[in-house]
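Student: Residue numbers (the UniProt record's numbering), protein chains in the order written: chain A, 1 to 296; chain B, 1 to 296.
Hints may be right or wrong, so weigh each one.
In this list, chains with the same sequence are indistinguishable; a pair is considered to hold if it fits within one copy or across any two.
[Unchecked claim] As a list, the in silico EDC-like pairs of lysine to aspartate or glutamate whose alpha-carbon atoms are at most 20 Å apart:
| no. | residue 1 | residue 2 |
| --- | --- | --- |
| 1 | Lys270 | Glu13 |
| 2 | Lys295 | Asp50 |
| 3 | Lys295 | Asp232 |
| 4 | Lys177 | Asp20 |
| 5 | Lys295 | Asp234 |
| 6 | Lys11 | Asp61 |
| 7 | Lys11 | Asp54 |
| 8 | Lys177 | Asp145 |
| 9 | Lys295 | Glu225 |
| 10 | Lys177 | Glu133 |
By construction, these hints were calculated from the structure, which means they are not laboratory data.
Only a predicted model underlies this, so the values are computations on that prediction, with no experimental measurement involved.
Number of protein chains: 2
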Amino acid sequence: MPITRTIDNAKAERVRRVADLASRRSRERYGRFLIEGPQAVREAVSCRPDTVLDLYAEIRDMEDGVPHDDATPPRFANDTIAAIVSRAEQEGVYVHPATAAVMRRISPDCQGIAAVGDLERMQTDVQDVRFGERPLVAAFWQVRDPGNAGTVIRAADAAGCDAVILLDDCVDVFNPKVIRSTAGSLFHIPVVAMDVAAFFSWTGDNGLATVAADVYGVDGKAPVELPQALADRDFIRRSKAVVFGNEARGLEPGLLRRCDSMVRVPLYGKAESLNLATSAAVLLMSLAMSSHIEKM
Amino acid sequence: MPITRTIDNAKAERVRRVADLASRRSRERYGRFLIEGPQAVREAVSCRPDTVLDLYAEIRDMEDGVPHDDATPPRFANDTIAAIVSRAEQEGVYVHPATAAVMRRISPDCQGIAAVGDLERMQTDVQDVRFGERPLVAAFWQVRDPGNAGTVIRAADAAGCDAVILLDDCVDVFNPKVIRSTAGSLFHIPVVAMDVAAFFSWTGDNGLATVAADVYGVDGKAPVELPQALADRDFIRRSKAVVFGNEARGLEPGLLRRCDSMVRVPLYGKAESLNLATSAAVLLMSLAMSSHIEKM
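This is chain A alone, in the form it adopts within the complex:
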């Protein structure tokens, strides 16, 4: 049973190193990343146990008024944590019981459970992406906000996308805030960072039509309204990659021109716009639903 002795020194070098994985520099230096909170850790342990190196789980510091000692098996802080630990043990992950103070030092946001993952094992080569029956890919260009990036990965997962592509200079997907916002979806679908040239080469090789999600269009060409696109069976049937732009600036004209088509989410009320996460969810889920109806 790979449960080690309880870590009770919040100032220990090991604890500091785990906490430091919140910074990109430490992640790059050690080739590891931090997974915080029950939902993300559970999905990592369940779906990608090969990537999980160590798990840190909060114990009840005091049992019947007596501090925990390692002579008895640890009692974890709550049932959620105990269930994840049990699953991790089955998968052969090293489990480190730790005091509440140690867990707080690892991350104030971890709700008693955190894990360290291996960056290299999380890398997916884009050539290894496997497509379903009707390929759908979500690509995001220069998404910068960690919460947005996580939310759009979760939406792409819900829509059954085959992969998420992060184009050019996006937020680091191994930022703990991104991982938390994915609610575990980072461990469900491949997320691949690449540049625009590699993206168009890959979509071309794989017969994916590129669809820009855009409001204004380019060169006097307006985007097709989403309801019209959804009613177009040929469009729904095509393998495709939908490309979303930066939160503030959208997509640049050069990128828009290279896409095969443009689609816009309509606005029926007085709202000026939808935010990136909402637009992406509406567009991807609508395409997925239309595709599933069309196949029935």
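With the hints as your guide, set chain B onto chain A.
Tutor: Then chain B, alone, in the frame of chain A:
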């Protein structure tokens, strides 16, 4: 021209009172609320100038190295602020130029512009809600997170909803964080708080079918999958109110049983769930798009 003299004392009683409107207690005591940031202030001034009592706008503290004095007209901190001020003047709103320090004291999140609104003038009696050609209402039961509440009001606006109903114990819609998250939509559509009994009485009186957005169903009855509901022309044509539950707990069984039908957003990948804001956007926008297609 209702521009008053420059406010330059961040410790002034007036400034403290405006800042205090961030708390519910102050809002209730003074019957006023705080609108922060260019987007929300612009929409308030453009769409509901009757509700705006005072506008505070940041000036350039120094002009060519000389502190501003009130002998010359104020130069505002940037073009966005100047444009909103100009619109506010046309609408007869009192504009108070203020120093950067004063604006920071009013709200660290206001980006140089804030306004004080009149709570009573923002109240809409539910009997005064006017319906469009195909009535659609979004109702939220016990939504607690300010960011979520704002985002769903914005989504309801984008979907062209006639009103947003906040059921039972929801977050206060005049919480500045809610207002900021609505991106101005609070000033586009009526938002009415009421209890469940009043809601069912109002929907009944107005011939609105009540549709619960729910994942699990109740009494062994499963919700209809959204794509099926969208394909049902009778369902699309009906006047309806869609009811969403609390972020963590969803809808309670008693409320589910009272609704005429239940709809679920499908999940095609491995994601376990969508968050409230995403579900609401997907469901409301899908209904709106299907309704618009069906009318064409």
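Student: At 20 Å max between alpha carbons, let me know whether Lys295 reaches Asp234 within a copy, between copies, both or neither.
Tutor: Close inside one copy (12 Å), not across copies (22 Å); limit 20 Å.
Student: With identical chains treated as interchangeable, where does the CA-CA distance between Lys177 and Asp20 reach 20 Å or less: within a copy, between copies, both, or neither?
Tutor: within (14 Å within a copy, 31 Å between copies)
Student: With 20 Å as the alpha-carbon cut-off, assign the pair Lys270 and Glu13 to within, between, both or neither.
Tutor: This pair counts as neither: shortest intra-copy Cα distance 55 Å, inter-copy 37 Å.
Student: At 20 Å max between alpha carbons, let me know whether Lys177 reaches Asp145 within a copy, between copies, both or neither.
Tutor: Answer is both: 9 Å inside a copy and 18 Å across each meet the 20 Å cutoff.
Student: Taking 20 Å as the upper bound on the Cα-Cα distance, should Lys295 and Glu225 be classified as within, between, both, or neither?
Tutor: Close across copies (15 Å), not inside one copy (22 Å); limit 20 Å.
Student: Could you figure out if Lys11 and Asp61 sit no more than 20 Å apart (CA to CA) within one copy, between two copies, both or neither?
Tutor: within (17 Å within a copy, 47 Å between copies)
Student: Given identical chains, is Lys295 near Asp232, meaning Cα to Cα at most 20 Å, within a copy, between copies, both, or neither?
Tutor: Both: 13 Å inside a chain and 17 Å across chains, each within 20 Å.
Student: Up to 20 Å between alpha-carbons, please classify Lys295 paired with Asp50: within, between, both or neither.
Tutor: neither (35 Å within a copy, 52 Å between copies)
Student: Please sort Lys11 with Asp54 into within, between, both or neither, judging by C-alpha distance up to 20 Å.
Tutor: For Lys11 and Asp54, the Cα distance is within 20 Å only inside one copy (18 Å; across copies 52 Å).
Student: I want to check one pair: Lys177 and Glu133. Are their C-alpha atoms no more than 20 Å apart within a copy, between two copies, both, or neither?
Tutor: neither (32 Å within a copy, 43 Å between copies)
Going through the hint list in order, the structure does not satisfy hints 1, 2, 10.
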